[in-house]
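**Student:** Residues per chain are reported as follows:
There are 2 protein chains.
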Amino acid sequence: MFAYVRLMGEKMLKGRPLKKLVEMGPWLMTQSFSLFIWGGAWLNLRPMFELLHTDAGSQARRGRLTTSRGTIETPVFMPVGTQGSVKALDPRELLEMGTQIILGNTYHLYIRPGLEVIRAAGGLHRFISWPGPILTDSGGYQVFSLAKIRKIKPHGVEFRSHLDGSLLFLGPKEAMEIQRALGADIAMAFDDCPPHTGTLREVRAAVERTIRWAEACIEQPRLKEQQVFGIVQGGNHAELRAECAKALVAMKFDGYAIGGGSVGEPEAEMMKAVEQTVPFLPADQPRYAMGLGTPAQLVELVARGVDMFDCVLPTRVARNGTAFTARGTVSVKAGFNKADFRPIEEGCDCFACRNFTRAYLRHLLNVNEILGLRMVSVHNSHLYLKLMADIRAHLEAGTFGEFRRGYVANYLPSQKVRAMRGANAVRGLEA
Amino acid sequence: MFAYVRLMGEKMLKGRPLKKLVEMGPWLMTQSFSLFIWGGAWLNLRPMFELLHTDAGSQARRGRLTTSRGTIETPVFMPVGTQGSVKALDPRELLEMGTQIILGNTYHLYIRPGLEVIRAAGGLHRFISWPGPILTDSGGYQVFSLAKIRKIKPHGVEFRSHLDGSLLFLGPKEAMEIQRALGADIAMAFDDCPPHTGTLREVRAAVERTIRWAEACIEQPRLKEQQVFGIVQGGNHAELRAECAKALVAMKFDGYAIGGGSVGEPEAEMMKAVEQTVPFLPADQPRYAMGLGTPAQLVELVARGVDMFDCVLPTRVARNGTAFTARGTVSVKAGFNKADFRPIEEGCDCFACRNFTRAYLRHLLNVNEILGLRMVSVHNSHLYLKLMADIRAHLEAGTFGEFRRGYVANYLPSQKVRAMRGANAVRGLEA
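Protein sequence lines correspond, in order, to chains S and D.
Count the first sequence with our numbering and you get residues 1 to 431, in order.
Count the second sequence with our numbering and you get residues 1 to 431, in order.
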């Protein structure tokens with residue numbers, strides 16, 4: 001476009017005196033106006049999600065999601081800033097480890113500090129000093145997992161705050177309004193997230209409600225360039241997942257999330273829910289698996305066609321003194337690290353591994369020094385982000401299949417994950 | 001010296017061919033050897049503490065303390081890394097805010113992680129990844145303030161660990177040995193720190209013990225280039241302070257600390273202890289007031305001739321959500337900051353003030369997010385370090401008196417300090 005403008009400019013101005021140029025004014029204005037219109041149309045028609053590569057041996061995709069605050073290379077891991085802070089980390093540390101987008105949470109931020117404060121600050125980005133894009137969860141998950149004494153009504157959920165018991169109401173209208181106030185680059189539809197132990201009847205009711213609320217969400221006003229994703233529910237019932245996905249896709253959301261995970265379900269169910277949903281989602285739009293999982297699980301979910309992830313595991317286990325490595329988790333706090341002067345993970349170039357030994361971090365965790373959990377949080381979050389960067393590189397190079405097999409074979413699942421697999425473990429995960 | 005070498009070199013080599021140069025070999029070697037000897041003597045004779053300026057209107061001094069790990073511009077504030085970490089901060093943050101030297105603590109590090117680990121790590125600097133000098137406290141203060149059931153013996157104190165009740169022994173020999181193992185650039189003599197409520201008889205006994213133990217400390221081996229400071233005790237008894245100071249000065253320590261502060265004494269007593277001690281300390285050696293105080297108190301202590309400070313206040317009050325400013329403390333956590341979008345302190349260029357508002361930090365502290373106490377710790381530590389940098393600049397410019405009056409007049413002491421002043425408040429402090 002710039003070349004065109006320059007060419008036209010040179011052609012027009014060649015040898016023409018100033019007077020001639022003034023005479024050309026109206027014509028120049030028409031040209032500028034035309035360029036403006038065409039440019040605007042180009043910006044608007046440009047797809048928000050581009051599929052750059054698809055893997056030959058799996059459903060994995062390498063993509064690019066455009067938001068008004070920057071471009072996100074997918075597959076992407078999004079660190080979770082529940083209450084307006086990725087726990088223990090500052091924005092500089094997040095940027096240094098390659099964070100492209102972070103999460104915020106409607107439910108938590110609505111309760112504290114409240115919308116008035118965030119509105120007065122000029123939105124969530126300015127309030128928390130985060131320059132990149134933010135995706136906000138709608139609060140559905142928290143209303144159903146955290147809030148006390150909830151009453152489901154046609155237009156939302158009446159519940160009592162998990163903090164002070166005050167009576168609150170959150171529905172599609174409220175959730176979208178809050179996400180507008182927060183200034184979310186990507187807002188999530190308000191959904192009904194049933195427990196994984198729900199009966200078919202309960203899950204069906206949740207799906208019907210999720211679809212009805214999604215319709216209400218998509219009708220709400222949205223910020224300029226704000227994207228809205230729908231959330232597919234349906235538990236482990238293939239027909240409900242399909243029904244929910246089809247209904248949401250018909251509403252033309254900007255992307256689709258697979259919800260209902262991270263509620264204590266076995267690993268096999270987690271994978272099944274994704275496998276049952278992905279076939280009904282459009283190939284040219286982003287797919288987001290909410291709240292999952294371990295590094296090896298993320299590799300498997302990428303292979304099943306997921307583009308976006310968020311998970312509190314990296315920072316949560318860090319605060320208990322546990323680090324993720326390419327071979328599984330390791331207790332940094334454990335006594336066996338007392339005189340181990342290697343970094344948490346050899347070859348890792350995170351700030352913690354470049355500067356500190358296991359012995360030092362073990363000591364810090366042992367005497368409750370904040371720097372200990374800070375540095376394990378840095379390492380764990382870096383590992384998740386680096387894993388995604390590696391996956392992207394392997395997808396581009398066409399070596400994802402090999403990488404996937406090697407990674408999953410090397411990664412020793414934690415006792416918890418092994419228990420989650422149980423008798424019905426999907427053997428393929430280990431292959 | 002370099003000019004001399006260059007001159008000699010040019011004179012010698014002028015017009016001489018390579019053969020001649022080879023013939024000159026033995027002479028060149030003699031010259032090099034001579035230079036080596038003289039240089040070594042110069043390095044050894046060079047004073048470790050240089051007095052650069054003295055204030056005309058007070059006893060304040062601008063100095064420079066040389067250690068093997070770097071030069072320290074005084075007056076200096078030393079952030080406290082009790083257990084091998086300046087609470088909530090990492091080494092990069094410390095360097096960014098201008099930290100020249102940090103503290104470590106013999107008592108705490110001896111108990112956890114223990115000497116074996118720190119020795120195996122290659123010393124405290126390597127263990128904690130701190131590139132600059134470290135001063136270690138001898139453990140005397142902790143033995144007398146933290147340890148349970150202590151029994152004072154001729155060669156030290158038998159006590160039970162405040163953690164697990166195990167029986168331990170710390171005396172001059174042990175304290176110096178531990179500080180050698182830690183690799184302290186500046187080690188402190190092992191002293192008896194009496195409570196400020198001690199009777200004359202008790203304080204006299206503590207002073208006698210401190211002197212005897214100081215003698216034992218100075219006889220211990222020390223690391224190459226390790227400096228050892230004596231600690232003057234004596235409570236608020238002028239004659240005991242004088243006696244202790246004279247006795248220690250006769251032993252020729254590398255510097256002298258004024259101990260017995262920070263034990264809950266009124267502010268007037270804190271100042272008096274310094275005033276009673278300083279006249280007996282050599283002008284050409286550094287003076288260190290241990291464990292003190294608020295920013296305004298530090299200005300006053302500088303004016304009384306103190307060069308070095310350490311204090312846990314900046315990080316301790318930060319963890320309670322309180323920030324220091326040039327006008328006194330402010331509760332960042334308080335409700336009145338709910339929608340205050342200014343930084344903690346206007347014009348402050350610390351990482352916290354450059355990036356975050358009071359409203360955000362208040363929210364973080366309110367919801368117990370670690371980033372909140374981290375950032376207030378950054379601000380408070382930065383303020384102490386910046387205050388010292390300002391004092392140094394004013395001492396160089398000859399404007400310290402004016403600065404002192406303005407600073408102390410602007411600084412509203414906290415309720416606690418006002419209570420400390422009580423009926424016997426030294427009015428001069430406010431002037």
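Note that these hints are calculated values from the structure, not bench results.
Do not take every clue at face value.
What follows is a list of derived Cβ distance ranges for each label pair [said to hold, decoys possible]:
{"id": "1", "chain 1": "D", "residue 1": "K148", "chain 2": "S", "residue 2": "R342", "range": "34 to 40 Å"}
{"id": "2", "chain 1": "D", "residue 1": "R119", "chain 2": "S", "residue 2": "T197", "range": "50 to 56 Å"}
{"id": "3", "chain 1": "D", "residue 1": "S331", "chain 2": "S", "residue 2": "G401", "range": "56 to 62 Å"}
Think of the CB as a built atom: it goes at the ideal place given N, C-alpha and C, for glycine as much as any other residue.
**Student:** Against this structure, judge whether each hint is valid.
**Tutor:** Consistency of the hints with the structure:
no.	hint	in the structure
1	K148(D) x R342(S): 34 to 40 Å	holds (37 Å)
2	R119(D) x T197(S): 50 to 56 Å	holds (54 Å)
3	S331(D) x G401(S): 56 to 62 Å	holds (57 Å)
Checked against the numbered hints above, the structure breaks none of them.
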